[in-house]
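J.: Residue numbers (this note's numbering), protein chains in the order written: chain A, 10 to 123; chain B, 3 to 118.
Please keep in mind that the hints were generated in silico from the structure rather than gathered at the bench.
Bear in mind the structure is a predicted one, so any value in this text is a computation, not a measurement.
Mixed in with the good hints, there may be bad ones.
[Claimed, not checked] Computed list of chain B residues with no C-beta within reach of chain A, every gap over 12 Å:
no.: 1; residue: 11
no.: 2; residue: 19
no.: 3; residue: 78
no.: 4; residue: 114
[Claimed, not checked] Take a look, some chain B residues computed to stay more than 12 Å from chain A by CB distance:
no.: 5; residue: 7
no.: 6; residue: 30
no.: 7; residue: 40
no.: 8; residue: 51
no.: 9; residue: 95
no.: 10; residue: 99
[Stated by the list, open to error] In silico lysine-lysine, DSS-like type, Cα no more than 27 Å apart, as pairs:
no.: 11; chain 1: A; residue 1: 79; chain 2: B; residue 2: 43
no.: 12; chain 1: B; residue 1: 57; chain 2: B; residue 2: 43
no.: 13; chain 1: A; residue 1: 45; chain 2: A; residue 2: 79
no.: 14; chain 1: B; residue 1: 16; chain 2: B; residue 2: 43
no.: 15; chain 1: B; residue 1: 68; chain 2: B; residue 2: 16
no.: 16; chain 1: B; residue 1: 16; chain 2: A; residue 2: 45
Glycine included, every Cβ here is placed at the ideal spot set by N, Cα and C.
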Amino acid sequence: GEDVEQSLFLSVREGDSSVINCTYTDSSSTYLYWYKQEPGAGLQLLTYIFSNMDMKQDQRLTVLLNKKDKHLSLRIADTQTGDSAIYFCAEILPSPAGRRALTFGSGTRLQVQP
Amino acid sequence: GAVVSQHPSWVICKSGTSVKIECRSLDFQATTMFWYRQFPKQSLMLMATSNEGSKATYEQGVEKDKFLINHASLTLSTLTVTSAHPEDSSFYICSARSGGAYNEQFFGPGTRLTVL
């Protein structure tokens, strides 16, 4: 089965880099995603990475994928107070029914201190 | 990016009543929409997958007679919580798949349901 795990909480100072980690158990994931959720709001897609990639950079965001260890990370450079939110990693698994729904990690609450 | 709306954004109802939540894709057609449930400080749990013109596929443990899903058009899916009870109080989020190259799902802003 699939299981996605994240640490629950991360606190950093404004201007520092934040690294949010995620581990997953099913190696057949095709796409892996990072979503951001602000209080009382829906989810915003931040970035994604295809399973045949090792790294993807998008402005302040860097995603690293280690397929051997089934480890995904999101690095936010120059973290700002507006980055304070909950970050979810998610994967899409192929399924016989073709459902292609997302399986989410538990979420990491990022707190940015001024 | 594509926009998904939900209505209402929050609702308070009495125990035993039914509540309908709408999910709309505003600027694209969504053959598949997903309904998630999120309890406070927890992750999103998939409830069901809604395909236009066919019956929804429910996840294990989700009562299909309690959570009625209708996907009547390519831009609208509805979730009806029937005979709501306080334990149904939760944050319900829908998403719609655009069918793009990387299967991106666009999420609605969520509906907070409180059952008294």
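J.: Hints first: check each against the structure and report whether it holds.
T.: Outcome of the hint check:
no. : hint         : result
1   : 11           : violated (9 Å)
2   : 19           : holds (23 Å)
3   : 78           : holds (17 Å)
4   : 114          : violated (7 Å)
5   : 7            : violated (10 Å)
6   : 30           : holds (14 Å)
7   : 40           : violated (9 Å)
8   : 51           : violated (5 Å)
9   : 95           : violated (5 Å)
10  : 99           : violated (7 Å)
11  : A/79 to B/43 : holds (25 Å)
12  : B/57 to B/43 : violated (31 Å)
13  : A/45 to A/79 : holds (21 Å)
14  : B/16 to B/43 : holds (24 Å)
15  : B/68 to B/16 : holds (16 Å)
16  : B/16 to A/45 : violated (32 Å)
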